[in-house]
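K.L.:
Starting from the known structure of chain A, arrange chain B on it as the hints suggest.
Here are the chains, one letter per residue:
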Amino acid sequence: MKHPAPEQLQRYLAGETDLVQTEELTEHLARCSTCGEALALLAADDAALSGSLSLTEAEAAWIAETDLTEPVRRAIAAPRVGIQQLLLGLLIIVPGAYMLQTLTGLIADLVSARGPFALTVNLLRAGTPYLWETLEYLFNGGLLASLWPLFALGAAAWLWRRFTKEEQIHA
Amino acid sequence: MDEQHAIHRCLEGDKEAFAAIVGQYQAQVLALCLRMTGNREDAADTAQQAFVQAYRHLDRYDPHQPFRPWLFKIATNQCIGLLRRRKHQSVTLEEGRIESVPDPEGGAASLIDLAEDRERVRRAVAELPLNYRTVVVQYYFQQLSYQEIARQTGLSIGTISTHLHRAKQLLRRWLADEEVGTGEAPRTRTASALSGR
Numbered sequence: 001m002k003h004p005a006p007e008q009l010q011r012y013l014a015g016e017t018d019l020v021q022t023e024e025l026t027e028h029l030a031r032c033s034t035c036g037e038a039l040a041l042l043a044a045d046d047a048a049l050s051g052s053l054s055l056t057e058a059e060a061a062w063i064a065e066t067d068l069t070e071p072v073r074r075a076i077a078a079p080r081v082g083i084q085q086l087l088l089g090l091l092i093i094v095p096g097a098y099m100l101q102t103l104t105g106l107i108a109d110l111v112s113a114r115g116p117f118a119l120t121v122n123l124l125r126a127g128t129p130y131l132w133e134t135l136e137y138l139f140n141g142g143l144l145a146s147l148w149p150l151f152a153l154g155a156a157a158w159l160w161r162r163f164t165k166e167e168q169i170h171a
Numbered sequence: 001m002d003e004q005h006a007i008h009r010c011l012e013g014d015k016e017a018f019a020a021i022v023g024q025y026q027a028q029v030l031a032l033c034l035r036m037t038g039n040r041e042d043a044a045d046t047a048q049q050a051f052v053q054a055y056r057h058l059d060r061y062d063p064h065q066p067f068r069p070w071l072f073k074i075a076t077n078q079c080i081g082l083l084r085r086r087k088h089q090s091v092t093l094e095e096g097r098i099e100s101v102p103d104p105e106g107g108a109a110s111l112i113d114l115a116e117d118r119e120r121v122r123r124a125v126a127e128l129p130l131n132y133r134t135v136v137v138q139y140y141f142q143q144l145s146y147q148e149i150a151r152q153t154g155l156s157i158g159t160i161s162t163h164l165h166r167a168k169q170l171l172r173r174w175l176a177d178e179e180v181g182t183g184e185a186p187r188t189r190t191a192s193a194l195s196g197r
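So the protein sequences, as listed, match chains A and B.
Note that our numbering gives residue 114 to position 114 of the first sequence, counting from 1, and the numbers run on in steps of one.
Note that our numbering gives residue 14 to position 14 of the second sequence, counting from 1, and the numbers run on in steps of one.
Be a bit skeptical, because a hint or two may be false.
Quick partial rundown of chain A residues pointing at chain B, CB under 8 angstroms, derived from the structure [as the list claims (entries may be wrong)]:
(1) Q10
(2) D45
(3) S50
(4) S52
(5) L53
(6) W62
(7) T66
(8) L68
(9) V72
(10) R73
(11) A77
No farther apart than 20 angstroms at their CA atoms in a straight line, the calculated lysine to aspartate or glutamate pairs in the EDC-like style are these [unchecked claim]:
(12) B:K15 with A:D67
(13) B:K15 with B:D59
(14) B:K15 with A:E70
Since the hints were made in silico from the structure, they are not lab data.
Quick reminder that beta carbons are idealized off the backbone N, C-alpha and C, glycines included.
Here chain A stands alone, though its shape is the one from the complex:
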């Protein structure tokens, strides 16, 4: 008499055998007490596992009082910074920093009375000497012009905060 493997008995117990296998196993179990006992043990194990894995009262209570709605809502609402946002940031920051550098150069020309602003600036400088000396120091020394990388970083930081700031949850 060929006895079925334990895995086969397990499948028989679970109703996962096909018609032919089911018939053969049923006939065998009717004749073989050893396999009948093995099947009974498998059934007892199944009942033990099902019962043991069911939720306890404490676990059911914990689940009932746990609400994931708000944490999930917050996690979903937080925008994700992807490659698109980073590229957009670079496209804004790099030309913007260059434009700022150009602007500071223009202001330096203005203050130093170079180029087309010479007459106007000379008249203003005559009237406000201390102010113009300060501006000359700042711009001719290249101080502000050399600060444009800091402006670029500041713009990047602002963009980062803009993209990672949580959306307002509207009621």
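P.N.:
Chain B alone, transformed into the frame defined by chain A:
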């Protein structure tokens, strides 16, 4: 708001509509994650991540299929990922390299006979290798059929049956050893159970 309507609105960009889905399934997902991870903190974390991942990949959900198995598959994968990162599991047993776990000296005693209470059985299940634990939880806790487990895990019916059988052998061995009082740690038990020592 019914489930499919909520999903449709989520796909249109209404994030608030997903709250209805969370409310509907959070108890079941939490229960599954609790059984898989074995503790409440990890269960809450993985359940939350499961919903977030489900929302982010909602465009991949086939509306012609039921939503619950799809969501539970995500939750199971989150739990598996967490447990693998934590490395709390004994080595994952790969098919083809496993010798049959020898039957313990416990003989014909059932699991509940060997374990004096259900808590011991639960603790023992929590120590099973990850691939066995997943199938045990899906079959005995979620009450899924072999076909449903096969769809979720990609395993064959035969493999599922083998996993269940060997999981029970391991549990029987551990619980019998506890009766005798060997004092072995579960991870040690897994290796020794497999080698027949």
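K.L.:
Any CB of chain B closer than 8 angstroms to the CB of A:D45?
P.N.:
5 angstroms, holds
K.L.:
Measuring from the C-beta of A:W62 to each C-beta in chain B, is the shortest one below 8 angstroms?
P.N.:
6 angstroms, holds
K.L.:
With 8 angstroms as the cut and Cβ atoms as the points, is A:R73 at the interface with chain B?
P.N.:
6 angstroms, holds
K.L.:
Given A:L68 as an interface hint, is the shortest Cβ-Cβ distance to chain B below 8 angstroms?
P.N.:
Hint on A:L68: holds, closest Cβ of chain B at ~5 angstroms, below 8 angstroms.
K.L.:
The hint names A:T66 as touching chain B; please verify it with the least Cβ-Cβ distance against 8 angstroms.
P.N.:
Since chain B brings a Cβ to about 6 angstroms from A:T66, closer than 8 angstroms, the hint holds.
K.L.:
If you draw a straight line from the CA of B:K15 to the CA of A:E70, is it 20 angstroms or shorter?
P.N.:
12 angstroms, holds
K.L.:
Per the CB criterion, is A:L53 less than 8 angstroms away from chain B?
P.N.:
It holds, given that the least Cβ distance between A:L53 and chain B is near 4 angstroms, below 8 angstroms.
K.L.:
Report holds or violated for the interface hint on A:V72, using the least CB-CB distance to chain B and a cut-off of 8 angstroms.
P.N.:
5 angstroms, holds
K.L.:
With a cut-off of 8 angstroms on the beta carbons, see whether A:A77 makes it to chain B.
P.N.:
Cβ of A:A77 sits 6 angstroms from chain B, so the hint holds.
K.L.:
Is B:K15 close enough to A:D67, meaning Cα to Cα at most 20 angstroms?
P.N.:
Holds. B:K15 to A:D67 sits at ~17 angstroms (cutoff 20 angstroms).
K.L.:
Would the hint on A:S52 stand, with a C-beta cut-off of 8 angstroms toward chain B?
P.N.:
4 angstroms, holds
K.L.:
Classify the hint on A:Q10 as holds or violated, based on whether any CB of chain B lies nearer than 8 angstroms to its CB.
P.N.:
5 angstroms, holds
Of the numbered hints listed earlier, not one is contradicted by the structure.
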